[in-house]
Amino acid sequence: GESVGLHLPTLSVQEGDNSIINCAYSNSASDYFIWYKQESGKGPQFIIDIRSNMDKRQGQRVTVLLNKTVKHLSLQIAATQPGDSAVYFCAGPGGSQGNLIFGKGTKLSVKP
Amino acid sequence: DTEVTQTPKHLVMGMTNKKSLKCEQHMGHRAMYWYKQKAKKPPELMFVYSYEKLSINESVPSRFSPECPNSSLLNLHLHALQPEDSALYLCASSQVLAGGQYTQYFGPGTRLTVL
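Chains D and L are the protein sequences, given in the same order.
In terms of the working numbering, the first sequence opens at residue 109 and continues consecutively.
In terms of the working numbering, the second sequence opens at residue 3 and continues consecutively.
Simulated from the structure, these hints should not be mistaken for laboratory data.
Careful: at least some of the hints might be erroneous.
Stated by the list, open to error - Pairs of lysine-lysine residues, derived as DSS-like cross-links and limited to a Cα-Cα distance of at most 25 Å, are as follows:
1. L:21 to L:11
2. L:11 to L:42
3. D:219 to L:42
4. L:24 to L:40
5. D:215 to L:11
6. L:40 to D:215
7. L:55 to L:20
8. D:215 to D:164
9. L:40 to D:150
10. L:43 to L:55
11. L:11 to L:43
12. L:24 to L:43
13. D:150 to D:219
14. D:179 to D:164
15. D:212 to L:40
16. D:215 to L:43
17. D:150 to L:21
18. D:176 to D:219
19. D:150 to L:42
20. L:55 to L:24
21. L:43 to D:150
22. L:11 to L:24
23. L:20 to L:40
24. D:150 to L:24
25. D:176 to D:212
26. D:212 to D:164
27. D:179 to D:212
28. D:215 to L:20
29. D:219 to L:20
30. L:21 to L:55
31. D:150 to D:212
32. D:212 to L:43
33. L:11 to D:150
34. D:179 to D:215
35. L:11 to L:40
36. L:42 to L:55
37. D:212 to L:42
38. L:43 to D:179
Note that this is a predicted model, so its numbers are computed, not measured.
Same shape as in the complex, but just chain D (with noise of 0.2 Å):
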């Protein structure tokens, strides 16, 4: 079956620093991404979305890309500030359509 998921389950990175974290999924048919947000007590939030006829995609202070020839994406943010400490989910398309799956998630620290 399709599976979305996290290389590393804890990333720590210095304040103003650049983080970037990864996703592998693994049906080559997947044609959309979102990576989302969830801080501790709260619902998952939406930071940006792709498409996969799109390699980049930008919004405020986050970039993703989406490497479709190894079936990869990476959330880069960029000066890391405390208020993005969470753990952050890509989610992709399941198999029936509404349903999405979600990777284990990445738990962002940011050091002062």
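For this one, chain D is given, so just place chain L on it according to the hints.
What follows is chain L alone, placed relative to chain D:
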């Protein structure tokens, strides 16, 4: 407005109780979802409603009963739950357009504890 609201925020119930979780959105989304999330785990899909009709049930036990009274509201009725059902229950909504995936927007969740 990209807000999905959920009530209650916290719920403690015994195994013989009947309770309901409520979710509301006013974004005009016609798909609504229930997820269950255990600590340090990703959300797991339970149910999907599309145009107020149940379209996906991920083999959820019958002690969880979803209901979609209208396009803005989604309920999850709980009965005879087990302690292992304790978790964060998340509601989400999205557009429904042919042939594609669309971003799901999540509510803050209901933290459920079953004693």
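Taking the hints in turn, this is what the structure says about them:
no.	hint	in the structure
1	L:21 to L:11	holds, 13 Å
2	L:11 to L:42	holds, 19 Å
3	D:219 to L:42	holds, 21 Å
4	L:24 to L:40	holds, 19 Å
5	D:215 to L:11	holds, 24 Å
6	L:40 to D:215	holds, 15 Å
7	L:55 to L:20	holds, 23 Å
8	D:215 to D:164	holds, 23 Å
9	L:40 to D:150	holds, 13 Å
10	L:43 to L:55	violated, 28 Å
11	L:11 to L:43	holds, 19 Å
12	L:24 to L:43	holds, 23 Å
13	D:150 to D:219	holds, 21 Å
14	D:179 to D:164	holds, 14 Å
15	D:212 to L:40	holds, 12 Å
16	D:215 to L:43	holds, 11 Å
17	D:150 to L:21	holds, 22 Å
18	D:176 to D:219	violated, 33 Å
19	D:150 to L:42	holds, 13 Å
20	L:55 to L:24	holds, 17 Å
21	L:43 to D:150	holds, 14 Å
22	L:11 to L:24	holds, 10 Å
23	L:20 to L:40	holds, 21 Å
24	D:150 to L:24	holds, 16 Å
25	D:176 to D:212	holds, 20 Å
26	D:212 to D:164	holds, 23 Å
27	D:179 to D:212	holds, 16 Å
28	D:215 to L:20	violated, 35 Å
29	D:219 to L:20	violated, 45 Å
30	L:21 to L:55	holds, 22 Å
31	D:150 to D:212	holds, 17 Å
32	D:212 to L:43	holds, 6 Å
33	L:11 to D:150	holds, 10 Å
34	D:179 to D:215	holds, 22 Å
35	L:11 to L:40	holds, 16 Å
36	L:42 to L:55	violated, 31 Å
37	D:212 to L:42	holds, 8 Å
38	L:43 to D:179	holds, 23 Å
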